[in-house]
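Asks: Based on these hints, arrange chains B and C with the ligands on the given structure of chain A.
Residue numbers (our numbering), protein chains in the order written: chain A, 163 to 654; chain B, 1148 to 1623; chain C, 29 to 126.
Read the hints as simulated data drawn from the structure, not as lab findings. From the three backbone atoms N, C-alpha and C, an ideal C-beta is built for every residue, glycine too. Some hints could be false.
[Said to hold, decoys possible] Taking CB as the label site, the calculated pair distances span:
hint, chain 1, residue 1, chain 2, residue 2, range
1, C, Glu73, B, Glu1319, 50 to 58 Å
2, C, Glu73, B, Asp1255, 52 to 60 Å
3, A, Thr230, C, Asp69, 53 to 61 Å
4, C, Asp35, B, Tyr1407, 47 to 55 Å
5, C, Asp115, A, Asp552, 51 to 59 Å
6, B, Glu1153, C, Arg122, 40 to 48 Å
[Claimed, not checked] Each computed DSSO-like pair below joins lysine-lysine, with the alpha-carbon atoms no more than 30 Å apart:
hint, chain 1, residue 1, chain 2, residue 2
7, C, Lys113, B, Lys1278
8, B, Lys1224, C, Lys70
9, B, Lys1412, A, Lys507
10, B, Lys1150, B, Lys1224
11, B, Lys1224, A, Lys398
12, B, Lys1334, B, Lys1355
13, C, Lys58, A, Lys549
14, A, Lys256, C, Lys114
15, A, Lys398, C, Lys113
16, A, Lys572, C, Lys113
17, C, Lys70, C, Lys58
18, B, Lys1412, C, Lys59
19, A, Lys507, C, Lys52
20, B, Lys1228, C, Lys58
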Amino acid sequence: MEILNYTAVELAGKIKAKEVTVREAVEAVFARIEEQEKEYHCYVTLDKENALKQAEAVQAKVDAGELTGPLAGVPVAIKDNMCTEGMLTTCSSKILGNFIPTFSAEAVRNLEKAGVVILGKTNMDEFAMGSTTETSAYGVTKNPWNTEHVPGGSSGGSAAAVAGNECFFALGSDTGGSIRQPAGFCGVVGMKPTYGTVSRYGLIAYGSSLDQIGPLCKDVTDCAAILEAISTHDTKDSTSVKRQDTDFMSALIDDVKGMRIGIPRNYLGEGLDPEVRDAVLGAAEVLKEKGAVVEEFDFSLVEYAIPAYYTIAAAEASSNLERFDGIKYGYRTEEFEGLHQMYKKTRSEGFGPEVKRRIMLGSFVLSSGYYDAYYLKALKVKALIKKAFDEAFAKYDVILGPVAPTTAPKLGESLSDPIRMYLGDIYTISVNLAGLPGICLPCGKDSKGLPIGLQLIGDCFQEKKLIQTAYTYEQARGRFGSAKQTAESGVR
Amino acid sequence: MGKQYETVIGLEVHVELATKTKIFCGCSTAFGAAPNAHTCPVCTGMPGSLPVLNKQVVEYAVAVGLATDCDITRVCKFDRKNYFYPDNPQNYQISQLYLPICRNGHVDIKTADGTKSVGIHEIHMEEDAGKLIHDEWEDCSLVDYNRSGVPLIEIVSEPDMRSADEVIAYLEKLRLIIQYLGASDCKLQEGSMRADVNLSVREVGAEKFGTRTEMKNLNSFRAIARAIEGERARQIELLESGQEVIQETRRWDDTKECSYAMRSKEDAQDYRYFPDPDLVPVHINEEWIEQIKAAQPEFRDEKMARYKAEYELPDYDIDILTESKHMADIFEQTVAICGQPKKVSNWLMVETMRLLKEQEMEPEDIRFAPENLAKLIALVEAKEINGTVAKEVFEKIFDENIDPEKYVEENGLKTVNDEGALRKTVEEVIAANPQSVEDYQNGKEKAIGFLVGQTMKAMKGKADPGMVNQLLRELL
Amino acid sequence: MANIISDETIEYVGILAKLELSDKEKEQAKKDMGSMLDYIDKLGELDTEGVEPMSHVFPVENVFREDVVTNGDEREAVLGNAPAKKDGMFAVPRTFEG
Ligand SMILES: [Mg+2]
Ligand SMILES: [Zn+2]
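Extracted from the complex, chain A is given alone in its bound form (with noise of 0.2 Å):
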């Protein structure tokens, strides 16, 4: 089999036995690339030289029966709003069009002591602002699927590189679904854990309250071994939560017999494409057969998580986003009077309009005579929701749905229309808002071949169950494939 058909574990268990070197794995990826990065744009910066010496420290790791993990010499991808010390991270934006860091975020951390190589740097919607990667100040991802549709967003450059080949699997961050909604429109696995589960030292910050690192990747074991990998307790991230049961590789366990599945009726209702509808009620048929009691209930509220949402998440990016004034770091606009002409020419000539219009809102909700009426009102509603997700847990282990409402949208579609892009991440943004695990796989193809995403959210801390639940589908789904088929692949 072609080496770029393995999965991350996969090929680290096949370097451990010696059959493929993990030089061989880098420059496979690297071939690829060459190939069809310049259609698909997944990375904003790539480092062969270094991936390469990466790859030979590793090798000696390996060989030195030092690193046995299984992700050992595995080739890698992040996103570029993780700080990765001496490599460009740019957030996609133009503002820190210069900006290296000088260390690496927590997670990117964690990798390195699994034994990674890390290739580059992925495209992104500016800020994780979006929901198709158009936004970046670098040019627009493709689907690796079909190249006149987005990836989606914000992490679509990291979908659409584990989708394309383009890396063994990368690392996302979700504010509001931006790893489950682009994993679900390029046929990947991705996964956003409990909130404070992986470590948010190193994000540069969108939501605060709302971020998490996550996986995106080609299957759910590798789900499951990336994930144990980084999650961990970090005393630089004062919301990291202590945890005792990040061995979720013990989940892949192939049965879901007596595993209570709730589908929510209003997300099924207006506005998901039926072809959407069908496969998702298909997963959930399967799912059924093999034993888990499946029903459908009543969950309100899903309304206004997309208004709560946008609320809070705007707020906290129109402070989080001060700091970059041009004055530390990153981008400075060359000519001015005085010091606030230059914030004022930095910072917009700097940001793209949809970092602008995000931060216009947040600046208005929190501003003197609204704070209650908006702000508050969404910390309020944000409560509730918290409430009516308690309620259904007590019922369910799991609530199974689509990731979106339609299948990846043509690219130039979304950006007219922000509230409709809004609008798509009804799904995914109460899972956010809740700090709840949420989990995307594929679960078919539209008539234009494009994947369908299956979304599973689970009780927070309950990640197991996500895993145990859709791994048991994985199996009986078989191999989803990737974009690009070769010969050797294919269904499993």
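Replies: Chains B and C with the ligands only, in chain A's frame:
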């Protein structure tokens, strides 16, 4: 007759806490480092960095709250105060607005009219800003983030003060409490204690407060007193001429003795406070409060009572000695070595206070070791040196913390106790001053003083005056 | 549109957010913000009487550092990305006190 006005003053006092590290990162708070040497990604607002709260900051804040009779907020949170300025690296300051750590306290101050209670509205924790230096040569300013993230508590009083005297009494009292706690050294000049003055005037008898202004950049008690006078006069003049006082922030220029408004179109003063999502709530339970209480040092009132009982010192001495925690510490440490509380007290109250005043220093600036004062007292006790020499040596101790034993030895300052040598000098003095001898013998007691002086002079001060006196009487 | 955003409001938000918009951008921003606020106004339909605003989802509290110096001199690194620097400090347009 002109209207009578009353000044209404409230204070916002910022105090830099005496922690070893900053409030949200492990950078040192020490003074004197090269610019930006005490910085890291957190306190320079690097992308991706996150704050983690220094526990000691909470404990100091609670300690100050308890000492000022505040209610301690059991679950308190941090909020972000958003405004752009280069000394503020994140362009938001992490502070507390909605749930400050302490509320509803008071301190009692003594004024000419008796005692008065000044209410404390709240105490909150926050981070300090960096320092801006104006470049003389180029048209730019330079930012040093060494102070960025140094922990502060801001103590917000009620508008309970009516004069500069009351304000200064309040500040002195706060300073004393905080110094006794060891929570800060509270030096106005060095900026570890800073006061912003909120001031309004109203006609005597009026119910409603007038419009207030906030005055910043006051770095001495004198500047505070002058700024209060100046602002009171400015506001009265405005009102008298039919104008209105505008609510604004003003900056005091102590050299020009006037203030000016700090407003600009770009300062909206709309701080968009909201809970900081990067920090979790601080839950202060009863047990923790008890621990902090138990660790509290002896306060001034307790110390005063103990000094009276233990050392039997006069109230006047006790008052001066305990006015500064540092002074009291030196007193106690010296007494612990050499006993003699009254003698130690005298050295501190008289010579030390004189030298402090002469050199425009605060008791906090005293640098000599108690051992050296103890040694000096022992030298005097043993009559190894006389009073005049002792004063001279003490100045050396005060300025350079010298070891008095060594110093006296090296400079040959020991009193001459050799009776033979002394007798010889006395005989010479008698021979050289027949008039005084005659006066004395004619019953003029005073004349002996002159002869003692002459002998001391001849001995270059190194004689025991009692012994000289005795010898003179014997020989005459 | 129920929420009409005035020129003054956009100007004011520009001061708060330190953004300078062209006239064209301003018109677009007025429209966008108006429609977003209309949309957010939907939250008003929900009765939230007596609901505690939730800023943190989990009851994590009392996360502290001990008061121990852990950082050395990182000056070089801290200044490494500065657009302008002088004498070990960040250079900024002249700030006038006041
Ligand atoms: Mg303050
Ligand atoms: Zn620091």
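Asks: State for each hint whether it applies.
Replies: Right, here's what the structure says about each hint:
no.	hint	result
1	C:Glu73 with B:Glu1319: 50 to 58 Å	holds (57 Å)
2	C:Glu73 with B:Asp1255: 52 to 60 Å	holds (53 Å)
3	A:Thr230 with C:Asp69: 53 to 61 Å	holds (57 Å)
4	C:Asp35 with B:Tyr1407: 47 to 55 Å	violated (31 Å)
5	C:Asp115 with A:Asp552: 51 to 59 Å	holds (57 Å)
6	B:Glu1153 with C:Arg122: 40 to 48 Å	holds (41 Å)
7	C:Lys113 with B:Lys1278	holds (15 Å)
8	B:Lys1224 with C:Lys70	holds (29 Å)
9	B:Lys1412 with A:Lys507	holds (16 Å)
10	B:Lys1150 with B:Lys1224	violated (46 Å)
11	B:Lys1224 with A:Lys398	holds (18 Å)
12	B:Lys1334 with B:Lys1355	violated (35 Å)
13	C:Lys58 with A:Lys549	violated (35 Å)
14	A:Lys256 with C:Lys114	holds (24 Å)
15	A:Lys398 with C:Lys113	holds (28 Å)
16	A:Lys572 with C:Lys113	violated (45 Å)
17	C:Lys70 with C:Lys58	holds (19 Å)
18	B:Lys1412 with C:Lys59	holds (25 Å)
19	A:Lys507 with C:Lys52	holds (16 Å)
20	B:Lys1228 with C:Lys58	holds (26 Å)
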